[in-house]
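I would like the entire structure built from these sequences, with the hints used as guidance.
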Amino acid sequence: MVSLNEKAKALMKERGCTQKWVVQKMNEVNPLVKMDRSKFSAFITGKRQMSGDELIAFCLALKINPDVFVEMR
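Just so you know, the sequence shown maps onto residues 2 to 74 in my numbering.
Read the hints as simulated data drawn from the structure, not as lab findings. All C-beta atoms, glycine included, are put in the ideal place defined by N, C-alpha and C. Accuracy of the hints is not assured; some may be wrong.
[Said to hold, decoys possible] Here are the computed lysine-lysine pairs in the DSS-like style, where the Cα-Cα straight-line distance is at most 25 Å:
no.: 1; residue 1: Lys8; residue 2: Lys35
no.: 2; residue 1: Lys48; residue 2: Lys35
no.: 3; residue 1: Lys26; residue 2: Lys40
no.: 4; residue 1: Lys35; residue 2: Lys64
[Claimed, not checked] DEER-style ranges, computed between Cβ atoms:
no.: 5; residue 1: Met2; residue 2: Pro32; range: 24 to 34 Å
no.: 6; residue 1: Gln25; residue 2: Ser52; range: 14 to 24 Å
no.: 7; residue 1: Pro32; residue 2: Lys64; range: 10 to 20 Å
no.: 8; residue 1: Glu29; residue 2: Met2; range: 24 to 34 Å
no.: 9; residue 1: Val69; residue 2: Gln20; range: 14 to 24 Å
no.: 10; residue 1: Asp54; residue 2: Gln20; range: 29 to 39 Å
no.: 11; residue 1: Lys48; residue 2: Thr19; range: 17 to 27 Å
no.: 12; residue 1: Gly47; residue 2: Glu15; range: 25 to 35 Å
no.: 13; residue 1: Asn31; residue 2: Leu5; range: 27 to 37 Å
Following this line, the structure appears as structure tokens:
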């Protein structure tokens with residue numbers, strides 16, 4: 002089974018997105034998530050989990066359906 006952070010990394014790679022770009026877009030989509038590069042890096046490396054609000058902001062930033070994460074289970 003693929004973990005959430007592994008799936009997120011794969012989606013970013015498919016789209017050619019950098020962590021810096023994703024963090025910027027997540028904050029544009031929802032400034033309340035207050036994402037920074039350190040928090041995002043910790044998620045990508047599996048050292049922290051993303052909150053629901055952060056996951057939705059991630060999906061909106063990459064213009065993907067959140068169902069891609071549900072379908073992995």
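Violated constraints from the hint list, given by number and in increasing order: 10, 12 and 13
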